[in-house]
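Enquirer: We have chain W already, so just place chain F with the ligand on it with the hints.
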Amino acid sequence: MFIADYMTTDPVTITADITLTEARQLLDDHHFRHLPVVDGAKKLIGVVSDRDLRLAYPSTVIEDEERERIFQIVERTPVTAIMTANCSCIGIDATLDDALLVFERDKVGALPVVTDDDVVIGIFSMRDLTAAYKKLFGAAEKGSSLIAVLDEGKTTRSLSRIASLLEDNDVQCTRLIKIAQESGFDRIYMRVNTYKVSNVHKLLQDSGFTLLKP
Amino acid sequence: MAVHRGVTIITDSAYFDHDTGGFGHPENPVRLEVIMDALVASPILPRLDFIAPVPATREQLLSAHREEWLFRLEEVVLSGRSHVDHSDNQVCYESYRVACHAAGAGIAGVDLLEGGGAGQVFCMVRPPGHHAEATRPFGFCFLNNCVIAARHWQLTYGRQRILILDFDAHHGNGIQSAFEREAGSYYISVHEHPSFSYPGTGYSDEVGFDEGRGTIVNLPLKPGAGDAALLDLFVRKIEPRIVAWKPDAIIVAAGFDGHRLDDMSGLQFSTEVYGTLGGIIHRWGELYTGGRVLSVLEGGYELSVLGHSVEAYLRGLLDGADTCKATTKRRC
Ligand SMILES: [Zn+2]
Chain W
361 MFIADYMTTD
371 PVTITADITL
381 TEARQLLDDH
391 HFRHLPVVDG
401 AKKLIGVVSD
411 RDLRLAYPST
421 VIEDEERERI
431 FQIVERTPVT
441 AIMTANCSCI
451 GIDATLDDAL
461 LVFERDKVGA
471 LPVVTDDDVV
481 IGIFSMRDLT
491 AAYKKLFGAA
501 EKGSSLIAVL
511 DEGKTTRSLS
521 RIASLLEDND
531 VQCTRLIKIA
541 QESGFDRIYM
551 RVNTYKVSNV
561 HKLLQDSGFT
571 LLKP
Chain F
-17 MAVHRGVTII
-7 TDSAYFDHDT
3 GGFGHPENPV
13 RLEVIMDALV
23 ASPILPRLDF
33 IAPVPATREQ
43 LLSAHREEWL
53 FRLEEVVLSG
63 RSHVDHSDNQ
73 VCYESYRVAC
83 HAAGAGIAGV
93 DLLEGGGAGQ
103 VFCMVRPPGH
113 HAEATRPFGF
123 CFLNNCVIAA
133 RHWQLTYGRQ
143 RILILDFDAH
153 HGNGIQSAFE
163 REAGSYYISV
173 HEHPSFSYPG
183 TGYSDEVGFD
193 EGRGTIVNLP
203 LKPGAGDAAL
213 LDLFVRKIEP
223 RIVAWKPDAI
233 IVAAGFDGHR
243 LDDMSGLQFS
253 TEVYGTLGGI
263 IHRWGELYTG
273 GRVLSVLEGG
283 YELSVLGHSV
293 EAYLRGLLDG
303 ADTCKATTKR
313 RC
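Note that the protein sequences, when read in sequence, are chains W and F. Okay, so the first sequence: first residue is 361 according to my numbering, each after it adds one. Okay, so the second sequence: first residue is -17 according to my numbering, each after it adds one.
Keep in mind that the hints were calculated from the coordinates and are not lab data. Treat the hints with care, since some could be wrong.
Okay, derived cross-link-like pairs now, BS3-like style, lysine-lysine, Cα gap no bigger than 27 Å in a straight line [to be verified]:
(1) 562(W) x 204(F)
(2) 573(W) x 204(F)
(3) 219(F) x 573(W)
(4) 204(F) x 556(W)
(5) 204(F) x 494(W)
(6) 204(F) x 538(W)
(7) 556(W) x 573(W)
(8) 204(F) x 502(W)
Looking at chain W on its own, in the form it has when it is part of the complex (with noise of 0.2 Å):
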């Protein structure tokens, strides 16, 4: 539930005097998007993209020669010029959900993560997230299937219910997730590891839960 379980550890950062062609090479040897840009103690002053690089340069529809001559500048020029500084962060002590809360909020690909004193140890993207969500659920994790059923409130326990329900019929069961709905009944959602997927749904029918079916 830990960033910190999921980021990226010792990322390539890069300071300040280091110029856009160099900062490109970086990405491209390295297939990542990001580059924390640190002063001399490692402290973050902000984060340059491959977003950020390619729009930095010369489209292609422009006349050769004067592509040429923006060309020449931007070999030049420092990433400071268009990094963005005050970028997002996170904190190495965050959780899933924060970052998820930050991703929403600033709509950027990817955090670095940093110390209380802003000295940056990992950085954290989209892809770590859904990567992290995924374990954390089980998709497509091999050997389960998932089943969600309703709970109408016909028995009481529903949670333990199913989870002795399971147990007692040697039925694996590695998540078991309850979530209240705004309107109508709420659902509960359980990954089972078996092969007869529906031996589990007769035992749930018949302990009056309402299988969801697609």
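Expert: For chain F with the ligand alone, kept in the frame of chain W given last:
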């Protein structure tokens, strides 16, 4: 090459010796009994030959599995334990030997097809194989019969471009993981959508990696999908891939658990649709792979319909052959 108008069934009494802990387990020996009963009662019986295979050699098993897994499987069964890794994967003392026999069927089938000893081959085996991975079992499968046959075709006969076509109701994760990083071997699977079904893999965006990118095609069907949806995929999605890839041979992972009465999946196929699939697959073999098609039994657990479904599939293979002969007066 001799013209064969029948189907050679490769099977062995050894397959009854894999005891999955009584008949409460869906993958039990009665599956083969009901298939045999349906074939014996069928008008196609005179056109079926029955042949027993020899077990796959260790070297052949190693073309698809890692040695550590072979040792572990053998050790588990000989030590008398009841299952491997998950209680679904029930075993008995004989299971390793039987699984080697099942893997041998595909190899024998390839040899027959290549040597001119058979026109069409159906391997009537258990335990099934398509979930088995290089180092671990899944879903009643221990050794991947289809992948072992594919490797034999590639290594012994130089038929590099092998397509495995899987119409079992479940995704064949073991076949996919064997093929997903290499160019020139292909896997197409039609199965119930992985969010609702075992083994939870086979999403349409799983297409292979690196060299193998684009060699894997997953075609999930929603629970409740029936014959029309299945046949639509065969015509619109699968045949164009075969035309484009030009495989040297097709191995069919033939599972019959998508039947509407088989509660191992929510799919709603009829018995007859398996006949239609047989006809289509025969035709593809003739049109695209020089007749090189090998079918291997995977799942199918509802005993009241499994035999008829397999019989319908074999009838489809035979009718396909008759139709081809009638329309062109030669092997089409
Ligand atoms: Zn199956």
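Enquirer: Residue 562(W) and residue 204(F): Cα distance at most 27 Å?
Expert: Holds, because 19 Å separates the two Cα atoms, which is no more than 27 Å.
Enquirer: Does residue 573(W) lie within 27 Å of residue 556(W) when you go C-alpha to C-alpha?
Expert: Between residue 556(W) and residue 573(W) the Cα gap is close to 17 Å, so the pair holds against 27 Å.
Enquirer: Given the hinted pair residue 219(F) and residue 573(W), is their Cα-Cα distance within 27 Å?
Expert: holds, 26 Å
Enquirer: For residue 204(F) and residue 502(W), compute the direct alpha-carbon distance and say whether it is at most 27 Å.
Expert: holds, 19 Å
Enquirer: Check whether the Cα positions of residue 204(F) and residue 556(W) lie no farther apart than 27 Å.
Expert: holds, 17 Å
Enquirer: Take a quick look at whether residue 204(F) and residue 494(W) sit within 27 Å of each other, Cα to Cα.
Expert: With Cα atoms ~21 Å apart, residue 204(F) and residue 494(W) stay inside 27 Å; holds.
Enquirer: If you draw a straight line from the CA of residue 573(W) to the CA of residue 204(F), is it 27 Å or shorter?
Expert: holds, 10 Å
Enquirer: Can you confirm whether the C-alpha distance between residue 204(F) and residue 538(W) stays at or below 27 Å?
Expert: Answer holds: residue 204(F) to residue 538(W) is near 24 Å, not above 27 Å.
Comparing the model with each numbered hint stated earlier shows that all of them hold.
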